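Participant: Here is what each chain is made of, one letter per residue.
2 protein chains.
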Amino acid sequence: MKLPRLSRAAFERHLPILTWSRSYTRDTLTSDAVAAVIVTIMLIPQSLAYALLAGLPPEMGLYASILPLVAYAIFGTSRALAVGPVAVVSLMTAAAVGNLGLQSPAEYAAAAITLAFISGVMLTLMGVLRLGFLANFLSHPVIAGFITASGVLIATSQLKHIFGISAHGHALPEIISSLMASQHLTNPITLFIGLSTVAFLFWVRKGLKPLLLGLGLKPRLADILAKAGPVGAVAVTTLAVWVFDLENKGVAIVGEVPMGLPPLTAPSLNPELWGQLFMSAVLISIIGFVESVSVAQTLAAKKRQRITPDQELVGLGTSNIAAAMTGGYPVTGGFARSVVNFDAGAETPAAGAFTAIGILLAALLLTPLLYFLPKATLAATIIVAVLSLVDFSILKRAWGYSVVDFAAVAATIVLTLGVGVEMGVSAGVVLSVGLFLYKTSRPHVAEVGLVPGTQHFRNILRHEVLTDPFIVSLRIDESLYFANARYLEDYVYNRIACDEPIRHVILMCSAVNEIDMSALESLEAINTRLQDLGISLHLSEVKGPVMDRLKRSHFLDELSGQVFLSQYDAMRSLSNSPHIDRAN
Amino acid sequence: MKLPRLSRAAFERHLPILTWSRSYTRDTLTSDAVAAVIVTIMLIPQSLAYALLAGLPPEMGLYASILPLVAYAIFGTSRALAVGPVAVVSLMTAAAVGNLGLQSPAEYAAAAITLAFISGVMLTLMGVLRLGFLANFLSHPVIAGFITASGVLIATSQLKHIFGISAHGHALPEIISSLMASQHLTNPITLFIGLSTVAFLFWVRKGLKPLLLGLGLKPRLADILAKAGPVGAVAVTTLAVWVFDLENKGVAIVGEVPMGLPPLTAPSLNPELWGQLFMSAVLISIIGFVESVSVAQTLAAKKRQRITPDQELVGLGTSNIAAAMTGGYPVTGGFARSVVNFDAGAETPAAGAFTAIGILLAALLLTPLLYFLPKATLAATIIVAVLSLVDFSILKRAWGYSVVDFAAVAATIVLTLGVGVEMGVSAGVVLSVGLFLYKTSRPHVAEVGLVPGTQHFRNILRHEVLTDPFIVSLRIDESLYFANARYLEDYVYNRIACDEPIRHVILMCSAVNEIDMSALESLEAINTRLQDLGISLHLSEVKGPVMDRLKRSHFLDELSGQVFLSQYDAMRSLSNSPHIDRAN
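If you're matching them up, the sequences are chains A and B in order. When we follow the numbering used here, the leftmost residue of the first sequence carries the number 345, and every step to the right adds one. When we follow the numbering used here, the leftmost residue of the second sequence carries the number 345, and every step to the right adds one.
Don't read these hints as lab results, they were simulated from the structure. Given the structure is predicted, the values throughout are model-derived calculations rather than measurements. Accuracy of the hints is not assured; some may be wrong.
What the hints assert, rightly or not - Distance windows between CB atoms, simulated:
1) A:G797 with B:E868: 30 to 38 Å
2) A:I520 with B:D913: 56 to 64 Å
3) B:S521 with A:I520: 32 to 40 Å
4) A:S737 with B:P813: 21 to 29 Å
5) A:D654 with B:S510: 32 to 40 Å
6) A:C842 with B:D913: 32 to 40 Å
7) A:D654 with B:V747: 39 to 47 Å
Claimed, not checked - Covered stretches of chain B (chain A as the covering partner; in silico rule of three or more C-beta atoms under 8 Å from a C-beta of chain A):
8) 359 to 371
9) 607 to 614
10) 852 to 863
What the hints assert, rightly or not - Result set (DSSO-like, lysine-lysine): computed pairs, CA atoms no more than 27 Å apart in a straight line:
11) A:K895 with B:K740
12) A:K783 with B:K783
13) A:K647 with A:K740
14) B:K593 with B:K647
15) B:K550 with B:K646
16) B:K783 with A:K740
17) A:K783 with B:K550
18) A:K895 with B:K562
Even glycine gets a Cβ: it sits at the ideal position worked out from N, Cα and C.
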């Protein structure tokens, strides 16, 4: 079928698969398939573990790793992003659904499915409406702090499985106090399984690959074996439980996992539930998008490729809708698996679709083998995975750079740990936006003078410059808008309330990117007040867009002075001082 | 008592009465007393009418006009502000308390008293913590739109008293539909009283003073008589009701107003009520403060005086606490009465205290006379007073100046009229802040070149300038922070993705007032990416505070190019083009 030219471009923009599939070769297929095998091996234990972290039955982790990956392969633009259950979003799902106070596991699962659906619709809509820029309001330090704090929360929440005791809660004080107060005694066998798995996985991560290479294995094979570490741990501990009948010695196991295709499911349409989940869905969508888009951008840049953030929203949105329709829960692009996918050579989103086939096979064939899998093994997998996210150095870097950035990070970390994920990330965003607004509401104003031998003007307090006693030149270092309009008035009135024989005030507007209506009214008030005192008001270096705006008002007609192209022109025509004239 | 020097200064800052009372003379006393008489005559009918508007018994209007005025005279800094019940805050009180669904008038009054107390504590705390700048986030156009829409709402809400029918609601659709659906028939006598009072008051406002001057009266006396118009209407209509027994012909009257001193009252301490009133108290405090401080500033400027916004907060806060303790309801500085006070010659806040004495005498002596006062007369007083607030021209001015300002005003007006005062003003603030953030998240970036014969650089699209094919100079017209960091990256990458032989990119930072940590990371990313492509990144005209910040990071060590004091220096040392070298 031949589509008309314009609509074909639109089609290709909204269905990126049409672009990359056209140049798909056998070589690409091989690369994608190899990457898919490695990611599948990693994803089987992770999907089970993250479902457990989200408070859901393990098969939901598998279901969230099948159709959502296919949806992303059709609609997504990143060639290396590995979509599926991830640690932080699973933790946020647990917090969101846990807050509802549901009793039955079925209701809990239905709420998680609904959460995926709301989040999917939201992300898709944001993509269609091109609202991807909203994610920019989450600053880098806030994200870094949030991920670090979430890592700590996740690791702590898994300790109960390692010790074989019970605990609950979505914030550090609650989790720790419920661990301390647990009625159950630590189960020594569970503890042994948990600790030895943690130790084994850390060793796999650092020491296995060099060892295998030393034994003469080919690098690619060594790589696959190293990535299979968690699968090995799963196999060995499951076998141990079965052989030694550890279930009857108090080791908690995964139990029956249904075998077969993912079920067809539908979200609840209960408006009350939607209302309760709405804010959580907003936060999960934005955090999921930001995590996903930053890893996708990093990986794309390495190959000089580009991703389209608004289309990424559609890709992730449809993935989540797919998760809601097939018994899954909220998904996004995971950091660690995407890097593995990229390193393993994935060249197109088809690698994701092949991974989906791998997980589907696991769901169809392997689930009976998971019956005796100890929960402690899964907890160990999670702990080792998330500890790599924890990096408190962001606090130190922010402290060294700016107190505002530090305040935002510190609040995010403290509130995420102390109150919970939703409060932490919301506070981070509100605080960074609030502090930005506060700063712009009290702009830096510098009195400037001429740098001798140039036409350049700088702060009289920082540079040796020439000035004229009859002229005050003020450089306003901020756009003028409602929040700082009155501040400027006060500043100018205070500056001229001295005994100097001032005749001209020049506002140097090189840093004024906007003058809104409130600021215009303040400028009019300043102009009138100065005129009463026999002082002329001038503007210099007004930018094009700002000048266009001013021309639409009466301000320029009423202005007692002039508008100069440059501050140098202004000084040369207003000053009688021989210094200024001689300067150039 | 001789206070140590420092603490005396602090004392005087927090008790402005200590400053002005020291130079108080008999002349000042006379001026203040005359102004107080005129304001008292105006305030008696207004205080009754505004209490009615707030849904409260009329005596609460009188009580709100006694002790609060004394409190402001002690703690306030404006010499002309007339504090007491005002139209907009009364409307907001009606909306806030009306939303609680209270049945008994006693509960309703208790809620209004509590609202005054919460608002008073809030204002006082804001003053002590110097948070007056928060009011700046209410832009001039949003305030203008809000006041206009409130005027329309208030006038419409009073129509029921003019027609002698019943109606309710806090937004236009509700009020109008309940007026239409009223079961009562219009009472013709009430309608006659209402309409003739409105006509009379409009005539008083425009025609009485010229007439009196024409009859040979002295200007001051003519002025007092013209201000006494509403009192005259009150007297005549009350007399008419009494003489013709109109009460039994269906004219609604004020009825019994208790005689005597204001009662001592205390706010409710019910935490649920505080929770319900909290957001309303925030909005009433901020609107009241903004209305008050803008009239106080305008009047002070006329006499070259200053007011202290943070101390004004304390003045208004203690007034509201005083209102809560003596049976009043939320008060603030009124626009019209303050102008009258100023024109009548008030020289110190003592004029307010004298007004309080006048109202106290009225409460002690005149209340029996108010029994037969028709509600239609009070409604007419309100309508004539608020219609002077209505000015839709702000919409036209905003439309002509900027679409962003227009959007904020239009949303404020539409939502205030359609949904209510609280929604209207909140939407105005959120929208103006949101649009400001949106603008800063997509900054204007101009490619600049040298204006021939100068050292000045301007936009290549707007000016005839000199450029060098190997150099791209970008002037970034915004502070760089988390919301636009990624936008800058995209902009630079797109600009260099052309076929030109670019060797240098210069970011001209004259308009960059801040580089936060997210933006720093983006600059590092840009630097690395350009370096990979063999392009050097340079900065020029970096401001002092921004440079200080950059020096604390590793960025300057890693920068592939240099930091130049001026854009001209940068071009002169990087360019080989003879044009640039010959330019100066």
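Participant: Now, for every hint given, state plainly whether the structure supports it.
Facilitator: Going down the list of hints, with the structure as the test:
1. Here the CB-CB span from A:G797 to B:E868 is close to 34 Å, well matched to the stated 30 to 38 Å.
2. The supplied range of 56 to 64 Å is met by A:I520 and B:D913, whose beta-carbon atoms lie about 58 Å from each other.
3. Remark: the range hint 32 to 40 Å for B:S521 to A:I520 is contradicted by a beta-carbon distance near 57 Å.
4. The given range of 21 to 29 Å is broken by A:S737 and B:P813, whose C-beta atoms sit roughly 43 Å from each other.
5. Separation of A:D654 from B:S510 is about 54 Å and departs from the stated range, judged on CB atoms against 32 to 40 Å.
6. For A:C842 and B:D913, the hinted distance range of 32 to 40 Å is satisfied, since their beta carbons lie about 34 Å from each other.
7. Taken as a hint, the range 39 to 47 Å is violated for the pair A:D654 and B:V747, whose Cβ atoms sit roughly 23 Å apart.
8. Against chain A, the region 359 to 371 of chain B contributes 0 residues with a C-beta closer than 8 Å to a partner C-beta. That does not satisfy the three-residue criterion, and the hint is violated.
9. Under the rule that three or more residues need a Cβ within less than 8 Å of chain A, the assignment of the region 607 to 614 of chain B is violated, with 0 such residues.
10. Look at the region 852 to 863 of chain B against chain A: 8 of its residues bring a Cβ nearer than 8 Å to a Cβ of that chain, three or more, so the hint holds.
11. Note on A:K895 and B:K740: the hinted pairing holds, with a Cα-Cα distance of about 16 Å set against a maximum of 27 Å.
12. Simply put, A:K783 and B:K783 have alpha-carbon atoms about 16 Å apart, close enough for the 27 Å limit, and the pair holds.
13. In summary, the hint linking A:K647 to A:K740 is not supported, as the alpha carbons are separated by about 32 Å, beyond the 27 Å threshold.
14. Between B:K593 and B:K647 the CA atoms are separated by roughly 53 Å; this puts the pair beyond 27 Å, and the hint is violated.
15. As the CA atoms of B:K550 and B:K646 are separated by approximately 24 Å, the hinted pair is consistent with the 27 Å bound.
16. For the given pair, B:K783 sits about 31 Å from A:K740 by alpha-carbon distance, which is inconsistent with the 27 Å threshold.
17. Of the supplied pair hints, the one linking A:K783 and B:K550 is violated, its CA atoms being roughly 47 Å apart against a limit of 27 Å.
18. Between A:K895 and B:K562 the CA atoms are separated by roughly 47 Å; this puts the pair beyond 27 Å, and the hint is violated.
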